[in-house]
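In the order they appear, the protein sequences are chains G and F. Per the working numbering, residue 79 is the first one in the first sequence, and the count goes up by one each step. Per the working numbering, residue 13 is the first one in the second sequence, and the count goes up by one each step.
Watch out, some of these pointers could steer you wrong.
Stated by the list, open to error - Computed list of lysine-lysine pairs in BS3-like fashion (alpha-carbon distance at most 27 angstroms, straight line):
no.	chain 1	residue 1	chain 2	residue 2
1	G	K169	G	K202
2	F	K104	G	K206
3	F	K250	F	K306
4	F	K286	F	K250
5	F	K306	F	K173
6	F	K104	G	K202
7	G	K174	G	K202
8	F	K250	G	K80
9	G	K221	G	K202
10	G	K80	F	K56
11	F	K286	F	K273
12	G	K206	G	K221
No lab work stands behind these hints, which were simulated from the structure alone.
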Amino acid sequence: MKSMPATFYVNGVRRDLLVDPNALLFEILSDDLGHSGVHRNCDRGDCGICTVLVDGEPVLSCLMLAVEARERQITTIEGLAKGAELHPLQKEFVEKGAVQCGYCTPAMILTAKALLDHNPRPTKEEVKNGLSGTLCRCTGYVKIVEAVLAAAEGGK
Amino acid sequence: MLYRALPEFDFVEPASLEEAGEALASSPNAAVMAGGISLLDAMKRGMAQPPTTIVSLKRIPGLRYIEGSRAGGMRIGPLTTIRDAELSETVKNEYPLLHDALSNIHSVQVKTMGTVLGNVCVGTPASDILTALVALDADLRLAGRDGDALLPAASLCQAAKRTCLAPTDIVEAIEIPALPERCCSAYCNLTRTLPDISKLTVAVNLFMDGAGCRDARIAIGAAAPVIYRARAAEDALKGVALSAESIAASAEAAYNDPMTKPITDMRSTGEYRKEMVRVLVRRALEAAAAKAAKA
Chain G
79 MKSMPATFYV
89 NGVRRDLLVD
99 PNALLFEILS
109 DDLGHSGVHR
119 NCDRGDCGIC
129 TVLVDGEPVL
139 SCLMLAVEAR
149 ERQITTIEGL
159 AKGAELHPLQ
169 KEFVEKGAVQ
179 CGYCTPAMIL
189 TAKALLDHNP
199 RPTKEEVKNG
209 LSGTLCRCTG
219 YVKIVEAVLA
229 AAEGGK
Chain F
13 MLYRALPEFD
23 FVEPASLEEA
33 GEALASSPNA
43 AVMAGGISLL
53 DAMKRGMAQP
63 PTTIVSLKRI
73 PGLRYIEGSR
83 AGGMRIGPLT
93 TIRDAELSET
103 VKNEYPLLHD
113 ALSNIHSVQV
123 KTMGTVLGNV
133 CVGTPASDIL
143 TALVALDADL
153 RLAGRDGDAL
163 LPAASLCQAA
173 KRTCLAPTDI
183 VEAIEIPALP
193 ERCCSAYCNL
203 TRTLPDISKL
213 TVAVNLFMDG
223 AGCRDARIAI
233 GAAAPVIYRA
243 RAAEDALKGV
253 ALSAESIAAS
263 AEAAYNDPMT
273 KPITDMRSTG
283 EYRKEMVRVL
293 VRRALEAAAA
303 KAAKA
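Assemble the whole structure, with the sequences as input and the hints as a guide.
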């Protein structure tokens, strides 16, 4: 197995690494680069908790080889706030109380961001569909959907 | 050295399908990868013989496309994602049966990463997409073959998750034949929860002629080790008008089909699934008949 030189752009910052082909994207982001907001959970593509954005699209970092994200823009939850200024989705999640244990929250917010980037005025049904690959075992989703809809309205 | 969930392998990124074929042929235990979801998941779960070389198609240009039309047939490339196909106006307007099946996959992340062809080539009998493709008489085009390049989607699987593809085979396109104008289809499935995989799938495609049905395709998934066409159920509709009686007779024939032998697993009992074959075939035929009546 040959390691490969790889350049990643994580939250706008260039990172040059030597990567083993068998390294998963979340192993690199979480273990090697220290992005603790990238959460490991089911580890088999069922729950969506490890979601990050690659070139703006939501992907499961537990089922993507890191080498496949070479030269691409990767967004983790750490990349959303601008300094102390929270992203509108983060603000609304706080405002609506759309967080309980918080473990799914990075993935939920990133999945919602990808949804709103494609569809800035989603209906409630579209929000539910857009988030259906990301599971929350605490909240029952009502407040999460409210927060995403509020963030969408806030963008008017 | 940090912990890695995957075993070690060499990673090859050929620039063309020919190079990919050579890379597969030159390593004794190589696997081809498109989206990677199923392969990496299987490797994580400790597959018996994990590949020592992975040949990724991702950097080959020109493999992500949907082209053609209902009138002339449609081709889907090996890197076309499920999301690409779901959002395609061509698929939605011209092959609504395929669109309906694709839309049954819920996770946006899975649809963004997974390819249509990858989903098919896993060979699971619960594939929404393959069920629709069987009802559409689709073929898989194998790269690097001469006389036998076209493999009917219905002949792909030999058993659950076992296909007739050789380790060196690369499927370079899905080819769906043209549909006549008076063709009406419907897709029905059952799941435990919406994001879960299907525990029963039914796709029907009716070729109408006046008020009657000239020919029919009824494909059933997750009721046997492979997705199959319920031939007796199709025959029950040929040359007859679509009515509550003919639909019930067809659904009964699907229920009694010798292929209809669903398993019991954590999602359902076999007895329940078998009962639901009758129900879903009836529902799908009713939905297709309603479209035929409107057309």
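Going down the list of hints, with the structure as the test:
1. G:K169 to G:K202: Measuring from Cα to Cα gives roughly 19 angstroms; hence the hint holds.
2. F:K104 to G:K206: Roughly 21 angstroms between the alpha carbons, so the hint for F:K104 and G:K206 holds.
3. F:K250 to F:K306: Since the Cα atoms of F:K250 and F:K306 sit roughly 20 angstroms apart, the hinted pair holds (cutoff 27 angstroms).
4. F:K286 to F:K250: Distance of about 24 angstroms is within 27 angstroms: holds.
5. F:K306 to F:K173: Measuring from Cα to Cα gives roughly 39 angstroms; hence the hint is violated.
6. F:K104 to G:K202: Holds, at about 22 angstroms.
7. G:K174 to G:K202: Within the cut-off at roughly 16 angstroms; holds.
8. F:K250 to G:K80: 59 angstroms, violated
9. G:K221 to G:K202: 12 angstroms, holds
10. G:K80 to F:K56: Roughly 20 angstroms separates the two Cα atoms, so the pair holds.
11. F:K286 to F:K273: Holds, at roughly 7 angstroms.
12. G:K206 to G:K221: At roughly 12 angstroms apart (the allowed maximum being 27 angstroms), G:K221 and G:K206 satisfy the hint.
Hint check: violations occur at hints 5, 8; the rest are consistent with the structure.
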